[in-house]
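Novice: Residue-level listing of the chains:
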Amino acid sequence: MYSYSDKRRTLIKAGLTVPLLSHIALPAPAAQTAEGSRLLLPPRLLAEARRLYGDEADNILVTDRLELHAPVIAENGAVVPVRVSGARELVSSLAVLIEQGPSPLGGFFTLYDGVDIPVRLRVRVPKTSDLYLLAQTSQGLLGTKANVKVTIGCGGG
Amino acid sequence: MNRKLPINSVRYRIRTDKNGVQDFAALLLHPMEDGRRKDRKTGKPIPANYIETFSVSVDGVKYIEVSLGQNVSKNPLVSFAMAHPVTAGQKLEISWVDNHGMKMLHTSVIALNDDATFDFVDKQYYTAPPHKPYCKLKLRPPAVR
Numbered sequence: 001m002y003s004y005s006d007k008r009r010t011l012i013k014a015g016l017t018v019p020l021l022s023h024i025a026l027p028a029p030a031a032q033t034a035e036g037s038r039l040l041l042p043p044r045l046l047a048e049a050r051r052l053y054g055d056e057a058d059n060i061l062v063t064d065r066l067e068l069h070a071p072v073i074a075e076n077g078a079v080v081p082v083r084v085s086g087a088r089e090l091v092s093s094l095a096v097l098i099e100q101g102p103s104p105l106g107g108f109f110t111l112y113d114g115v116d117i118p119v120r121l122r123v124r125v126p127k128t129s130d131l132y133l134l135a136q137t138s139q140g141l142l143g144t145k146a147n148v149k150v151t152i153g154c155g156g157g
Numbered sequence: 001m002n003r004k005l006p007i008n009s010v011r012y013r014i015r016t017d018k019n020g021v022q023d024f025a026a027l028l029l030h031p032m033e034d035g036r037r038k039d040r041k042t043g044k045p046i047p048a049n050y051i052e053t054f055s056v057s058v059d060g061v062k063y064i065e066v067s068l069g070q071n072v073s074k075n076p077l078v079s080f081a082m083a084h085p086v087t088a089g090q091k092l093e094i095s096w097v098d099n100h101g102m103k104m105l106h107t108s109v110i111a112l113n114d115d116a117t118f119d120f121v122d123k124q125y126y127t128a129p130p131h132k133p134y135c136k137l138k139l140r141p142p143a144v145r
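Protein chains in written order, with the numbering used here: chain A, 1 to 157; chain B, 1 to 145.
For reference, chain A alone in the conformation it holds in the complex (with noise of 0.2 angstroms):
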């Protein structure tokens, strides 16, 4: 049985939560997110971009064929495990960048012809934070981004 007043119950639930949703997942920038638009870092990661790469760090392009996977929450900041898969032949250096750490760089990866991808290390990330990943290719310089949840800080400071 559904009652008149269950039914209005569940109706100003629905309108009240509405509102609020759409207060909270507020839609992401289209520049950080589409293929092949520019990506955007955080200016303390783009200096050491720029000490990296250059002047080509002015200009990063979002990318697909790249993936930056990390744990959406890490349980112990200490130990992260970070993994890069993706297209291989486009690649001659990666770069992983962690916002939060205590200096910009987790890893510079210069890879010659004898490796492949997937490339894999262990970072540290005190508090939750955004990773960047960087990588040198024939088409200029590309990027995505991950974004790691600790729950249990590592033991910094």
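No wet-lab data here; the hints were simulated from the structure. This list has only true hints and no planted wrong ones.
In silico negatives: residues of chain B with every beta carbon more than 12 angstroms from chain A:
| # | residue |
| --- | --- |
| 1 | Ser9 |
| 2 | Lys41 |
| 3 | Thr42 |
| 4 | Gly89 |
| 5 | Val97 |
| 6 | His100 |
| 7 | Ser108 |
| 8 | Val109 |
| 9 | Ala111 |
| 10 | Leu112 |
One-sided and incomplete, this derived list gives chain A residues near chain B with beta-carbon spacing under 10 angstroms:
| # | residue |
| --- | --- |
| 11 | Arg83 |
| 12 | Arg88 |
| 13 | Ser103 |
| 14 | Pro104 |
| 15 | Leu111 |
| 16 | Tyr112 |
| 17 | Val119 |
| 18 | Leu121 |
Glycine is no exception: its CB is placed at the ideal position from the N, C-alpha and C atoms.
Got chain A sorted already, so can you dock chain B onto it with the hints?
Specialist: Below, chain B without anything else, positioned relative to chain A:
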């Protein structure tokens, strides 16, 4: 792994998956202090001590060069796939330099481990005193199982 891990040594493993792709993994046994931790007993900061560059070459041909830093976890694991299969008996060189200028060079004869277990082939290791300016060491080939 409950074995006590001596610092400044390397364990590596080359595993072949069912598609014939070889996966190389190196576990570098290093404290990787980022310089921000404090000694719990004395309260003094522990000085930074981390690997800066790490490289792997096979038969004298460089395969990969990695810049590491303060953001890399203790006992870092670096792993990649081999583009062309390596064969047993080739000479593998793993070297690193840390921020104190200590250089390490590990040489070993490649042995392939087709087991699916995460077991490092090379169980021989060498412990060098920390911050020695240069240390060259040779690992014995792993025992046949």
